[in-house]
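Protein chains: 2
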Amino acid sequence: MQVQSILETCLYVDDLDAAEEFYIRVLGLETFKKVSGRHVFFRCGNQMFLLFNPDQTRQEENGFPTHGARGEGHVAFAISADTYDAWKQRLQKEGVEVEYEALWPSGGRSMFFRDPAGNSAELATPQTWLIGE
Amino acid sequence: MQVQSILETCLYVDDLDAAEEFYIRVLGLETFKKVSGRHVFFRCGNQMFLLFNPDQTRQEENGFPTHGARGEGHVAFAISADTYDAWKQRLQKEGVEVEYEALWPSGGRSMFFRDPAGNSAELATPQTWLIGE
Chain A
1 MQVQSILETC LYVDDLDAAE EFYIRVLGLE TFKKVSGRHV FFRCGNQMFL LFNPDQTRQE
61 ENGFPTHGAR GEGHVAFAIS ADTYDAWKQR LQKEGVEVEY EALWPSGGRS MFFRDPAGNS
121 AELATPQTWL IGE
Chain H
1 MQVQSILETC LYVDDLDAAE EFYIRVLGLE TFKKVSGRHV FFRCGNQMFL LFNPDQTRQE
61 ENGFPTHGAR GEGHVAFAIS ADTYDAWKQR LQKEGVEVEY EALWPSGGRS MFFRDPAGNS
121 AELATPQTWL IGE
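Order-wise, the sequence lines are chains A and H. Every letter in the first sequence is one number past the one before it in the numbering used here, and letter 26, counting from 1, is 26. Every letter in the second sequence is one number past the one before it in the numbering used here, and letter 89, counting from 1, is 89.
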């Protein structure tokens with residue numbers, strides 16, 4: 001028995017509004033659900049991308065498990081290989097600095113940048129991990 | 001233009017060996033790649049689940065972007081609804097306490113538990129987010 005896939009990925013941010021604006025404007029995500037000051041949830045393909053304010057999620061609430069990290073987290077989003085250059089242009093147009101670019105041994109490519117909270121976000125072609133598009 | 005899906009999700013752990021053993025034994029994952037003391041990577045469906053030691057990833061290495069969080073992170077793995085009870089039994093058999101169970105307004109169900117580093121892991125049916133199995 002094996003879990004099927006990742007369903008939820010999360011990052012922690014102090015300023016939810018700034019992060020929400022960033023992920024909508026730069027990556028084209030759409031807000032799925034939000035609770036002001038606590039979280040913003042996006043759907044991304046068949047997964048959920050969750051932003052939390054750790055000051056809130058570290059506090060117990062209705063018996064719900066606490067969590068909440070500090071420091072720079074990481075997430076990678078999949079992009080198709082034929083859109084790689086267009087994404088690079090888009091980041092530039094939106095004033096987002098590409099901190100690092102990688103050409104992986106697999107033939108995959110990726111670019112790294114920071115979200116407003118300093119998290120390391122990446123746009124990568126699935127080939128990076130030998131995963132088909 | 002919108003990113004397609006989540007490609008990489010990560011958690012931070014101090015004891016990589018303990019975490020690797022846990023995710024293999026309890027969730028049935030298989031190690032894809034590892035660098036002793038720095039990271040362990042698993043493939044999970046069409047995504048990668050990455051465990052990092054933040055003491056290592058916070059140090060600059062070949063210009064690669066640094067990252068590394070402290071505190072309890074969160075991840076959810078997808079399981080099919082018809083395996084929910086079997087997963088609950090499996091956690092019990094492996095000595096993993098279910099910290100919380102949720103029945104969501106969508107009809108989805110999920111169970112929460114801790115990994116050895118204290119991260120909040122969840123097994124959830126995709127219906128939780130109105131996503132088809």
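You may find that some hints are simply not true.
Reference listing, derived: stretches of chain A covered by chain H, where coverage requires no fewer than 3 residues with Cβ under 8 angstroms from a Cβ of chain H [to be verified]:
no., region
1, 65-78
2, 120-128
Calculated cross-link-like contacts (lysine to any residue; reagent style SDA-like; alpha-carbon spacing at most 20 angstroms) [as the list claims (entries may be wrong)]:
no., chain 1, residue 1, chain 2, residue 2
3, A, K88, H, K34
4, A, K33, A, E21
5, H, K34, A, Q127
6, H, K33, A, T83
7, H, K33, A, K33
The calculated label-pair distances, taken between Cβ atoms and stated as ranges, are [said to hold, decoys possible]:
no., chain 1, residue 1, chain 2, residue 2, range
8, H, R38, A, L91, 38 to 44 angstroms
9, A, E61, H, K88, 19 to 25 angstroms
10, H, D85, A, L91, 27 to 33 angstroms
Just so you know, the hints here were simulated from the structure itself, not pulled from any lab data. Glycine is no exception: its CB is placed at the ideal position from the N, C-alpha and C atoms.
Hint-by-hint comparison with the structure:
no.: 1; hint: 65-78; result: holds (count 14)
no.: 2; hint: 120-128; result: holds (count 6)
no.: 3; hint: K88/A x K34/H; result: violated, 29 angstroms
no.: 4; hint: K33/A x E21/A; result: holds, 14 angstroms
no.: 5; hint: K34/H x Q127/A; result: holds, 18 angstroms
no.: 6; hint: K33/H x T83/A; result: violated, 27 angstroms
no.: 7; hint: K33/H x K33/A; result: violated, 35 angstroms
no.: 8; hint: R38/H x L91/A: 38 to 44 angstroms; result: violated, 28 angstroms
no.: 9; hint: E61/A x K88/H: 19 to 25 angstroms; result: holds, 23 angstroms
no.: 10; hint: D85/H x L91/A: 27 to 33 angstroms; result: violated, 45 angstroms
Figure legend: structure checked against the earlier numbered hints; hints not met, in rising order: 3, 6, 7, 8, 10.
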